[in-house]
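Colleague: Here are the chains, one letter per residue:
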Amino acid sequence: MTPHVLTRSLDRSATIFLVVVAGLGVLIPLSNLLLPAGSALQVPTYLVALFGKYACYAILALSIDLIWGYCGILSLGHGAFFALGGYAMGMYLMRQIGSRGVYGNPILPDFMVFLNYPALPWYWHGFDMFWFAALMVILVPGLLAFCFGWLAFRSRVTGVYLSIITQAMTYALLLAFFRNDFGFGGNNGLTDFKDILGFNVQADGTRAALFALSCLALIVAFLICRAVVTSKLGKVLIAIRDAESRTRFLGYRVESYKLFVFTLSACMAGVAGALYVPQVGIINPSEFAPGNSIEAVIWVAVGGRGTLVGAALGAVVVNYAKTYFTSGPLAPYWLFMLGALFILVTLLLPKGIVGTFNAWRESRKATEKANAESAALEDGVGEPKPAE
Amino acid sequence: MSVMEGRTTSALLYLDGVHVSFDGFHAINNLSLTLEPGEMRAIIGPNGAGKTTMMDIITGKTKPDEGTVLFDGMTDLTRLDETHIAELGIGRKFQKPTVFESQTIEDNLLLALNVDHSVRGTLFWRGSRDESERIDRVLETIRLTDARNRLAGSLSHGQKQWLEIGMLLAQDPKLLLVDEPVAGMTDVETHQTAELLKEINKEKTVMVVEHDMTFVRELGVKVTCLHEGTVLAEGTIDQVSSNERVVEVYLGR
Ligand SMILES: Nc1ncnc2c1ncn2[C@@H]1O[C@H](COP(=O)(O)OP(=O)(O)O)[C@@H](O)[C@H]1O
Ligand SMILES: [Mg+2]
Numbered sequence: 004m005t006p007h008v009l010t011r012s013l014d015r016s017a018t019i020f021l022v023v024v025a026g027l028g029v030l031i032p033l034s035n036l037l038l039p040a041g042s043a044l045q046v047p048t049y050l051v052a053l054f055g056k057y058a059c060y061a062i063l064a065l066s067i068d069l070i071w072g073y074c075g076i077l078s079l080g081h082g083a084f085f086a087l088g089g090y091a092m093g094m095y096l097m098r099q100i101g102s103r104g105v106y107g108n109p110i111l112p113d114f115m116v117f118l119n120y121p122a123l124p125w126y127w128h129g130f131d132m133f134w135f136a137a138l139m140v141i142l143v144p145g146l147l148a149f150c151f152g153w154l155a156f157r158s159r160v161t162g163v164y165l166s167i168i169t170q171a172m173t174y175a176l177l178l179a180f181f182r183n184d185f186g187f188g189g190n191n192g193l194t195d196f197k198d199i200l201g202f203n204v205q206a207d208g209t210r211a212a213l214f215a216l217s218c219l220a221l222i223v224a225f226l227i228c229r230a231v232v233t234s235k236l237g238k239v240l241i242a243i244r245d246a247e248s249r250t251r252f253l254g255y256r257v258e259s260y261k262l263f264v265f266t267l268s269a270c271m272a273g274v275a276g277a278l279y280v281p282q283v284g285i286i287n288p289s290e291f292a293p294g295n296s297i298e299a300v301i302w303v304a305v306g307g308r309g310t311l312v313g314a315a316l317g318a319v320v321v322n323y324a325k326t327y328f329t330s331g332p333l334a335p336y337w338l339f340m341l342g343a344l345f346i347l348v349t350l351l352l353p354k355g356i357v358g359t360f361n362a363w364r365e366s367r368k369a370t371e372k373a374n375a376e377s378a379a380l381e382d383g384v385g386e387p388k389p390a391e
Numbered sequence: 004m005s006v007m008e009g010r011t012t013s014a015l016l017y018l019d020g021v022h023v024s025f026d027g028f029h030a031i032n033n034l035s036l037t038l039e040p041g042e043m044r045a046i047i048g049p050n051g052a053g054k055t056t057m058m059d060i061i062t063g064k065t066k067p068d069e070g071t072v073l074f075d076g077m078t079d080l081t082r083l084d085e086t087h088i089a090e091l092g093i094g095r096k097f098q099k100p101t102v103f104e105s106q107t108i109e110d111n112l113l114l115a116l117n118v119d120h121s122v123r124g125t126l127f128w129r130g131s132r133d134e135s136e137r138i139d140r141v142l143e144t145i146r147l148t149d150a151r152n153r154l155a156g157s158l159s160h161g162q163k164q165w166l167e168i169g170m171l172l173a174q175d176p177k178l179l180l181v182d183e184p185v186a187g188m189t190d191v192e193t194h195q196t197a198e199l200l201k202e203i204n205k206e207k208t209v210m211v212v213e214h215d216m217t218f219v220r221e222l223g224v225k226v227t228c229l230h231e232g233t234v235l236a237e238g239t240i241d242q243v244s245s246n247e248r249v250v251e252v253y254l255g256r
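Taken in sequence, the protein lines are chains A and B. For what it's worth, our numbering labels the leading residue of the first sequence as 4, then goes sequentially. For what it's worth, our numbering labels the leading residue of the second sequence as 4, then goes sequentially.
Some hints here could point you the wrong way.
List time: in silico DSS-like cross-link candidates among lysine-lysine, alpha-carbon distance up to 27 Å [as the list claims (entries may be wrong)]:
no.: 1; chain 1: A; residue 1: K235; chain 2: B; residue 2: K99
no.: 2; chain 1: B; residue 1: K177; chain 2: A; residue 2: K235
no.: 3; chain 1: A; residue 1: K325; chain 2: A; residue 2: K56
no.: 4; chain 1: A; residue 1: K235; chain 2: B; residue 2: K64
These aren't lab readings, by the way, just hints derived from the structure by calculation.
I would like the entire structure built from these sequences, with the hints used as guidance.
Modeller: Pasting the structure below:
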């Protein structure tokens with residue numbers, strides 16, 4: 004009985020999630036564009052951009068939950084895939100600037116002119132075309148994850164060792180992207196974007212559209228994750244998470260499964276980063292900071308690992324708190340608060356918000372059922388059956 | 004896969020001169036043992052004799068330092084990994100019952116079925132009638148039909164042992180390695196397990212490790228006694244249990 008109820012309740016939370024995201028994705032842009040500025044129900048543009056950022060974080064959180072919550076792979080370097088997707092989009096946006104840059108060079112972005120680049124580096128070619136950049140948004144993080152995972156999972160690197168090397172990976176990329184001669188704008192990164200697909204990135208309409216697209220991407224990412232975890236493959240992932248070596252003895256090639264979800268997850272993180280960059284207007288090496296990846300894992304832990312909905316919720320809740328606190332007098336203490344939050348959740352709510360809620364509802368249903376059964380039993384005893 | 008030129012032995016499982024040491028401690032010493040197709044063999048021996056380590060070697064978990072391990076007379080198991088060996092048709096029940104606790108009993112069996120285990124196969128898997136019938140039959144055999152939707156973690160120790168035997172049945176291997184199947188079982192359950200293994204042995208080759216002498220006696224098969232990683236005695240249970248060295252090992256000098 005239990006799993007049946009469980010599936011149904013999960014279905015319900017999934018439905019609620021989809022309705023809420025789709026509703027916000029439509030209503031917020033409409034309110035922003037159609038209602039007069041300053042009216043009580045009008046969502047100001049800066050909030051649209053902020054919510055768009057949250058949606059991107061929610062996609063990143065889903066991608067982490069897919070591998071951590073369902074397959075037990077704790078990546079502390081997922082920010083790297085997010086940032087790579089962001090850089091791919093940033094490169095497209097840079098090339099859209101064209102001769103409108105400070106130096107007016109039609110081909111070279113400003114930082115290249117400033118650093119005396121004679122010509123466009125080979126790896127910047129093609130990024131003037133949106134389709135190419137969009138492909139790279141998925142391919143580059145996917146390829147890195149595939150190579151990294153191929154090496155790590157085949158050598159059976161697991162647990163804390165895997166977490167450490169993912170940190171090392173994002174740190175190495177941080178150092179590389181900081182270098183001016185690496186060709187991605189060094190410390191300053193890529194910024195001063197003008198337009199995307201011909202639309203001004205600063206315009207209200209573009210921002211509203213980007214927000215709506217981020218919600219759409221969140222919905223698609225959620226549906227993909229859900230399809231994966233509810234398939235038989237999802238059962239294998241959970242088996243690997245709970246008893247990896249047992250799974251091998253049943254004849255499953257564990258490393259292939261890990262490689263598949265890890266790569267899929269990295270591609271999703273890349274898409275999140277690509278949607279993030281035009282909305283915040285900049286991408287720089289600090290996105291590779293190891294702390295960012297750890298923060299993203301905390302979102303998932305807070306929301307509820309292995310619940311998908313919880314991961315997305317956790318990303319929004321923690322980032323809302325971050326926005327709130329870092330804009331006030333408590334700003335210098337945010338990292339301490341985040342750390343404290345993580346410790347509190349680990350100790351008091353190990354299943355996270357959604358996980359705890361699900362468990363509570365399960366147990367309430369079970370008691371109700373037990374009560375109903377015992378009541379029925381008493382009825383049967385108390386009232387003698389009428390003679391036939 | 005490493006397939007040798009032709010068969011070299013009629014045995015389904017052939018171990019010869021196998022050595023394994025862990026940091027200088029010789030867990031398996033010059034171990035030689037053969038299992039004919041269709042045979043059931045009971046392995047006894049005091050704790051630390053190397054019984055579980057021997058199963059680790061056969062299933063690819065531990066690589067021997069020396070020696071030959073052949074399956075079906077042709078396949079060198081020492082060169083293959085756990086997944087590959089499982090695919091060849093060697094199934095294993097662990098000493099400590101290992102089931103997927105957060106999944107239902109039915110899902111545990113579903114995961115064990117010997118169907119397409121590739122990423123693509125499981126991603127696009129659609130249940131078939133044949134599969135659910137097989138699961139139903141196994142549930143019937145291990146007497147867990149009514150519990151099919153319960154989480155495996157909620158089972159008693161003895162039921163987990165049975166579920167793991169059920170997973171072996173679902174896996175449908177040629178050779179079953181069963182490590183201490185009756186630990187934690189009542190006398191009745193122990194008897195039922197012996198009956199079940201005898202039933203399974205009608206079609207499969209089985210190797211059972213067990214301490215419980217009543218159980219081993221009930222199986223009524225050839226017994227091998229291991230001690231310090233090597234074969235001490237082999238024969239019927241009466242021959243083995245009257246062997247002086249076996250008595251010495253079990254009762255202490
Ligand atoms: N991975 C390992 N590392 C070190 N020692 C081990 C390992 N596996 C088994 N041993 C040792 O090898 C010996 C045989 O163990 P085992 O095969 O479990 O015995 P049995 O199953 O017969 O009780 C024991 O002394 C055990 O401590
Ligand atoms: Mg043992």
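Colleague: Just pull the numbers of the violated hints for me, sorted ascending.
Modeller: Structure breaks no hint.
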